[in-house]
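If you read the sequences in order, they're chains A and B.
Here the first sequence stands for residues 144 to 275, numbered as in my numbering.
Here the second sequence stands for residues 144 to 275, numbered as in my numbering.
FYI, nobody ran anything at the bench for these hints, they're computed from the structure.
Just to be clear, a hint being listed does not mean it is correct.
Copies of the same chain look alike in the list, so a pair counts if it fits in one copy or across any two.
[Stated by the list, open to error] With a straight-line Cα cutoff of 25 Å, these simulated SDA-like cross-link-like pairs (lysine to any residue) come out:
(1) K151 to P192
(2) K260 to E148
(3) K260 to S182
(4) K261 to R220
(5) K218 to E246
(6) K151 to R178
(7) K218 to A162
(8) K151 to E233
(9) K261 to D169
(10) K202 to R156
(11) K218 to L255
(12) K261 to D250
A quick note: this is a predicted structure, and the numbers were derived from the prediction, not measured.
Protein chains: 2
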Amino acid sequence: MIEIEARKEAASRTARLDAVFAALADPTRRAIIERLSRSEARVTEVAEPFNMSLNAVSKHIRVLEASGVVERHRKGRDHILSINTRSLDEVDGWIERMRRYWEERLDAMERLLRELKKDNELGPKDRKHGSR
Amino acid sequence: MIEIEARKEAASRTARLDAVFAALADPTRRAIIERLSRSEARVTEVAEPFNMSLNAVSKHIRVLEASGVVERHRKGRDHILSINTRSLDEVDGWIERMRRYWEERLDAMERLLRELKKDNELGPKDRKHGSR
């Protein structure tokens, strides 16, 4: 049972990552996230700087809501949009994990280079010593 | 002239972010990146763990190459794939920027909460003092 739950959790995490990365793959949607990262805002405020119809911006907002990156709540008659930072944390976590992998590889390469350098430094000395 | 160059650079950075995020929006492609983050590998090695045709995996690899995340070089008859870490750095940089925005907001909220708490702590004391 625990294994099934763990597998379900992994599957939904995968689906969330798919949705968040797809949501981020568009410059208008990234600009909306940048706007909302500074402060929550009404739909009309978010749409204002874009040179496109309110309807077109609303479609992008719906994609962001479906991915879980953007949340909507009502304040009287207004629809207020805000960022759900946890959704981006998950994406950040994935990239961090990749970074750790290749930083380990870079460290290993550096160690190798240092050893090669040390061998090289010893090498000429040894030869010098040998020629005396 | 400098402005045009700067605008061109911004446009190509936007296009790269679009391509990288779109490339990451697929679990097979993310798994390929995880594999290559551990070590570079031949195309056939990369394809092996997946329950799909070499052709299907090759299509995913081409998407990753087009986005700049994966690079290919030849070693004799083999095609070796590796990660271009700079492409993911750019994506990471974008997410970091968003994080800074909302961390500033969270800090501001915390300051506000601390002040409210201080006011509350002062409040009852003042009342107590007043009732003596």
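Hint by hint, work out which the structure violates, then give me just those numbers in ascending order. 2, 4, 7, 9
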